[in-house]
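Asks: Please build the complete structure, drawing on both the sequences and the hints.
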Amino acid sequence: TNITYNESEFISFSAIVSDDFDAPEEISLYWESSSEGIIDTSAANTTGEVQFEYSLPAGSQTMTLFATDSHGLQSSTSIQLDINGLPSAPNVDLDPSPEAFDHSDLIATASDSIDPEGGSVFYEYLWLKNGVTTLYTSNIIPASQTSVGDIWTVQVTPTDGLGYGSTVERQRVLSIAIL
1 TNITYNESEF ISFSAIVSDD FDAPEEISLY WESSSEGIID TSAANTTGEV
51 QFEYSLPAGS QTMTLFATDS HGLQSSTSIQ LDINGLPSAP NVDLDPSPEA
101 FDHSDLIATA SDSIDPEGGS VFYEYLWLKN GVTTLYTSNI IPASQTSVGD
151 IWTVQVTPTD GLGYGSTVER QRVLSIAIL
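Under this note's numbering, the residue at position 169 of the sequence shown is numbered 169, and the numbers go up by one with no gaps.
No lab work stands behind these hints, which were simulated from the structure alone. It cannot be assumed that every hint is accurate.
[Unchecked claim] Just the calculated beta-carbon pair ranges, DEER-fashion:
#1 TYR30 <-> THR133: 45 to 51 Å
#2 GLY72 <-> ILE39: 20 to 26 Å
#3 GLU53 <-> GLY161: 21 to 27 Å
#4 SER35 <-> SER120: 23 to 29 Å
#5 PRO116 <-> ALA43: 34 to 40 Å
None of the values given here were measured: they were computed from a predicted structure. Built from N, CA and C at the ideal position, the CB exists for glycine as well.
Replies: Take a look at the structure:
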């Protein structure tokens, strides 16, 4: 069974090593990733514990710990990991554009995020009014909730259901409509 993490996420790797003849801190250790090669050579502490954190690139990975004692005897153990590629940042349009008026709905349209594994991408919306987070989480702010001089900001974050890509932000200042 593979364990899934997101790219750019630091993963904690740990093990406990022991040997019939050598003290744990005398055992030669190295961790090897199938995509990155040798990524850590930290020694175990006196109780045999070794731990480090590392961020792996997207894709299926095998992480192997190799241990060699002073007699040249070797042992290894491996774990399979799936590293989820995060969706790309979306293009975000905020309408009306370039100006918003006090009688206009504000509509955020997000598009073009790509999931590296080819999965579906969904968008999460967060709206700020005059710099303060609101409870609005859809892509529309009704005109009835806007006032002249308001500064509305939308933050749009893509997700593939496993992780979140980069957030994109757009902003509008509401003006008076001259008819």
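Asks: Hints first: check each against the structure and report whether it holds.
Replies: The hints, checked one at a time:
1. TYR30 <-> THR133: 45 to 51 Å: At 46 Å between Cβs, range holds.
2. GLY72 <-> ILE39: 20 to 26 Å: Taking Cβ atoms as reference, GLY72 and ILE39 lie about 23 Å apart, which means the hint holds.
3. GLU53 <-> GLY161: 21 to 27 Å: holds, 25 Å
4. SER35 <-> SER120: 23 to 29 Å: 26 Å Cβ-Cβ, so the 23 to 29 Å window holds.
5. PRO116 <-> ALA43: 34 to 40 Å: Holds: the Cβ-Cβ distance is about 36 Å, inside 34 to 40 Å.
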